[in-house]
Amino acid sequence: MGEGFAGKILNIDLSESKITSETLDVHEVEEYIGGKGYAAKLLWERTPADFDPLGPENIVIFATGPLTGTLCPSTRMCIVTKSPLTGIFNDSYVGGHFGHELKFAGYDVLIIGGRAEKPVYLWIDDENIEIQNADWLWGKDTFETEEKIKGKYADRTIRVACIGPAGERLVRYALVNTDLYRQAARGGIGAVMGSKNLKAIAVRGNVPIEMKDPEKFEQLALEAYEAIKHSENLYTMKRWGTSRSVIVSNDQCLYPTRNHQEATFGGAENLSGESMERKLWIKRRACFNCPIHCGHLSVVRSSDYKGTIVEGVEYETTAMLGSDCGVDNLAAVAHANMLCDKLGLDTISAGATIAWAMECYERRLLTNKDTNGLKLSFGNHKAMNRIIVKIAKREGLGDLLAEGVRRSSEKIGKGSEKFAMHVKGLELPGWGIRAAPSMGLAYATADRGGCHQRAWPIAYELGSRTPYGKSIERYSPEGVAFATKYDQDLVAALYSLVACDFATGAIGTGQYINLLNAATGWNYSPERFIETGERIWNLTRVFNMRAGTQKEDDTLPPRIFEEPLPSGIARGRKLPRENFEKMIREYYEVRGWDLETGMPTYEKLRKLRLDGIVKQMGDYVY
Amino acid sequence: MPHKAVIVDHAKCNGCRICELFCSRKHEGKVLPRASRIRILPYFPGIEVALVCYQCDKPPCVKICPNGAIVRDEKTKAILIREELCTGCEACIETCPASTIFMHPIKNIAIKCDLCSGDPECVKRCPEGAIEYEMTPFDARRPPEEIASDLVRKLLTHEK
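For the record, the sequence lines run as chains A and B.
Heads up: the first sequence begins at 20 in our numbering, then just goes up one per residue.
Heads up: the second sequence begins at 979 in our numbering, then just goes up one per residue.
Because the hints were derived from the structure by calculation, they are not lab data.
All C-beta atoms in this analysis are idealised placements derived from N, C-alpha and C, irrespective of residue type, glycine included.
Treat the hints with caution; some may be incorrect.
Said to hold, decoys possible - Computed cross-link-like contacts, BS3-like style, restricted to lysine-lysine with a CA-CA straight-line distance of at most 27 Å:
{"#": "1", "chain 1": "A", "residue 1": "K169", "chain 2": "B", "residue 2": "K990"}
{"#": "2", "chain 1": "B", "residue 1": "K1008", "chain 2": "A", "residue 2": "K248"}
{"#": "3", "chain 1": "B", "residue 1": "K982", "chain 2": "A", "residue 2": "K231"}
{"#": "4", "chain 1": "B", "residue 1": "K1085", "chain 2": "A", "residue 2": "K231"}
{"#": "5", "chain 1": "B", "residue 1": "K1132", "chain 2": "A", "residue 2": "K248"}
{"#": "6", "chain 1": "A", "residue 1": "K257", "chain 2": "B", "residue 2": "K1132"}
{"#": "7", "chain 1": "B", "residue 1": "K1102", "chain 2": "A", "residue 2": "K27"}
{"#": "8", "chain 1": "B", "residue 1": "K1055", "chain 2": "A", "residue 2": "K325"}
{"#": "9", "chain 1": "B", "residue 1": "K1008", "chain 2": "A", "residue 2": "K231"}
{"#": "10", "chain 1": "B", "residue 1": "K1004", "chain 2": "A", "residue 2": "K298"}
{"#": "11", "chain 1": "B", "residue 1": "K1132", "chain 2": "A", "residue 2": "K325"}
{"#": "12", "chain 1": "B", "residue 1": "K1102", "chain 2": "A", "residue 2": "K235"}
{"#": "13", "chain 1": "B", "residue 1": "K982", "chain 2": "A", "residue 2": "K257"}
{"#": "14", "chain 1": "A", "residue 1": "K298", "chain 2": "B", "residue 2": "K1132"}
{"#": "15", "chain 1": "B", "residue 1": "K1036", "chain 2": "A", "residue 2": "K248"}
{"#": "16", "chain 1": "A", "residue 1": "K235", "chain 2": "B", "residue 2": "K1053"}
{"#": "17", "chain 1": "A", "residue 1": "K235", "chain 2": "B", "residue 2": "K1008"}
{"#": "18", "chain 1": "B", "residue 1": "K1055", "chain 2": "B", "residue 2": "K1132"}
{"#": "19", "chain 1": "B", "residue 1": "K1132", "chain 2": "A", "residue 2": "K167"}
{"#": "20", "chain 1": "A", "residue 1": "K169", "chain 2": "B", "residue 2": "K1085"}
{"#": "21", "chain 1": "B", "residue 1": "K1085", "chain 2": "A", "residue 2": "K27"}
{"#": "22", "chain 1": "A", "residue 1": "K171", "chain 2": "B", "residue 2": "K1055"}
{"#": "23", "chain 1": "A", "residue 1": "K169", "chain 2": "B", "residue 2": "K1053"}
{"#": "24", "chain 1": "A", "residue 1": "K248", "chain 2": "B", "residue 2": "K1085"}
{"#": "25", "chain 1": "B", "residue 1": "K1085", "chain 2": "A", "residue 2": "K257"}
What the hints assert, rightly or not - Residues from chain A shown here face chain B by an in silico Cβ test under 10 Å; the list is partial:
{"#": "26", "residue": "K169"}
{"#": "27", "residue": "Y244"}
{"#": "28", "residue": "A305"}
{"#": "29", "residue": "P310"}
{"#": "30", "residue": "G392"}
{"#": "31", "residue": "L393"}
{"#": "32", "residue": "P545"}
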């Protein structure tokens, strides 16, 4: 067993009902740190070149990292699979308590493959692993599933990861729910679980994690607590959570409104953290070992949505189920949020898909016949809440929208593809592009498709200095490529620990590396850390190219290039194609990728010591 | 006689379990929540109940222990389990009305809050200030389910 790790990989083959555990090869992990990096390697090695994400060949990898389940505050786990929404690599992250519990049960990584004949759930109680019948859970929502499993074992401290009805029905953006309100939401991992007839995983763990240098590690962890405690930036996160960003985003013309037709929303005040603090919040909620406690328990006490209880509303949800659907009714957004959690839908993809459908309805590309009489106009919050249920059940129009915005728009056609707001099939989240074009490059090149968490150069356009001390002028393509690459590599390494976005600013990369070294006994330098991030990024790129991604897919929805913003401080702005092309060209250059194909060059892969994998690629690309 | 104990304001608890980590670290030298003497139970729909011994005036655990392993500390008034006398029979766990005694996850002994000899670690670590070391005026030994349902009523509904 290696320090910093529980020491085992747990393999579940649902087709054969086979349970095996293998010793974690810590030397192999060292090249990828853990978490995202190591899971990317496992996904690459343990899946064939070409396969259906919803077929038995796909695997779901629950991966903790060397800092998960330790005294280091604010850590998470990641879940990696091939996405049924995008058809490419997908890594989705969740805090809560599940990943930590999994590691305490003795497993750094859980890999689930095959397909069970009938609904099952997995019970992990240290070394006692059982695949159990889940007929009694099938059809239940995520809240009820979690409660029922805790009830069965008469233990409230059990941790449950489960899918809702949306995952069972293979909605392509179905999520994995944990701890009631914490989700690995993006990319449809819930649908992959559903395709395997796997309703839930329940875990209880009793094994401590050994540290290489426990004294040093504790000292560093205590420093990390202090850093979080005294961080000025984190005060607003502690108080208002992610919803602190609503007003700033709206003022800066970054708040997607009515399917990205606009980027400022008249109702933003209603959806702000201040508004939630006044109207909804009753207490704070935190993930395992997190002194930031960014979550809030919300209760709606009046209106048609009385009785709604949910954690949130997070910024992304205010944008996607709020402004982007033209909805300024906070209670309605909170209710929609609760429905998504309960039924098992990603609020970002659900909101984006519904916003697209609303635009189709207003343009008469979808008629009352298509919607079965539902008036799916922007701002109709009742229709929004109704269609969410229909999506989860795949009823009527919901069956189409359950496919996500790319497939839906391909089916409807008639120009609706032009305002289908996605990259590589993943619906864009709640940050507009035309008022911060660098974000366009970040979306176009993010490894899991349209994602805001792989690089966030918006910060630089708004005045923050880049990590290497340069500044980027707003709206200018200059210097964006390197900044984006740098962020992506750094984040890939941090997501391998597995660190949380909100703690990284306060704790700092240098301190994370010290924690990593104290936990594992490895000898990571800042240079090696970022180079490892680059290795991981190139590996996911190679995976995606093998899965069919082409250079042409590194692009943005036409609306971003063609339609100027109608209002706000960035009024009249669009992203000029030549600026985007300059950024993407420079991006390939700084990445060492082929300008013609967008593939990592052989030299690049060899330099990153991925050439072993290149050999395995055989016929696929080279 | 009133005495000091670890008192938790459940409504303030955010469920981060930092208390569990630092408790297990202090008592076991390791981070292992299931060896913590304080436990945070999550209840639907998103509230927490902290389980930690109230150091009752008339503790049923002391009375029921067949080995006389449970005794009151003269100085802090903490009720302590003498490890060397504990056989892990779980009689105290079953009798505790507040469910604040636990089995050790590795050793065959029962564990409970010992007030850290009068300087409770959890009190110092709670980022919400939800845990205090203060005088308790009564034996507040209610079962967690009851605390949880009261909290749900108080926080989440209009009912009084």
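Against the structure, the hints:
1. A:K169 / B:K990: Measuring from Cα to Cα gives roughly 24 Å; hence the hint holds.
2. B:K1008 / A:K248: 23 Å, holds
3. B:K982 / A:K231: 39 Å, violated
4. B:K1085 / A:K231: 24 Å, holds
5. B:K1132 / A:K248: 30 Å, violated
6. A:K257 / B:K1132: 24 Å, holds
7. B:K1102 / A:K27: Status violated; Cα separation ~35 Å.
8. B:K1055 / A:K325: Violated, at about 47 Å.
9. B:K1008 / A:K231: 13 Å, holds
10. B:K1004 / A:K298: 40 Å, violated
11. B:K1132 / A:K325: 16 Å, holds
12. B:K1102 / A:K235: Satisfied, since the Cα-Cα distance of roughly 21 Å is no more than 27 Å.
13. B:K982 / A:K257: 31 Å, violated
14. A:K298 / B:K1132: 16 Å, holds
15. B:K1036 / A:K248: 40 Å, violated
16. A:K235 / B:K1053: Violated, at about 34 Å.
17. A:K235 / B:K1008: Distance ~14 Å between K235 (chain A) and K1008 (chain B) Cα, so the pair holds.
18. B:K1055 / B:K1132: 32 Å, violated
19. B:K1132 / A:K167: 24 Å, holds
20. A:K169 / B:K1085: 25 Å, holds
21. B:K1085 / A:K27: OK: K1085 (chain B) and K27 (chain A) at ~23 Å, within 27 Å.
22. A:K171 / B:K1055: 37 Å, violated
23. A:K169 / B:K1053: 40 Å, violated
24. A:K248 / B:K1085: Not satisfied, since the Cα-Cα distance of roughly 35 Å exceeds 27 Å.
25. B:K1085 / A:K257: Violated - the C-alpha atoms of K257 (chain A) and K1085 (chain B) are around 38 Å apart, more than 27 Å.
26. K169: Holds - the Cβ of K169 (chain A) comes within 10 Å of chain B, reaching about 9 Å at its closest.
27. Y244: At about 8 Å, which falls below the 10 Å cut-off, the nearest Cβ of chain B leaves the hint on Y244 (chain A) intact, so it holds.
28. A305: Since the shortest Cβ distance to chain B is 4 Å, the answer is holds.
29. P310: 4 Å, holds
30. G392: 33 Å, violated
31. L393: 29 Å, violated
32. P545: Violated, about 27 Å.
The structure is inconsistent with the numbered hints 3, 5, 7, 8, 10, 13, 15, 16, 18, 22, 23, 24, 25, 30, 31 and 32, although it conforms to all the rest.
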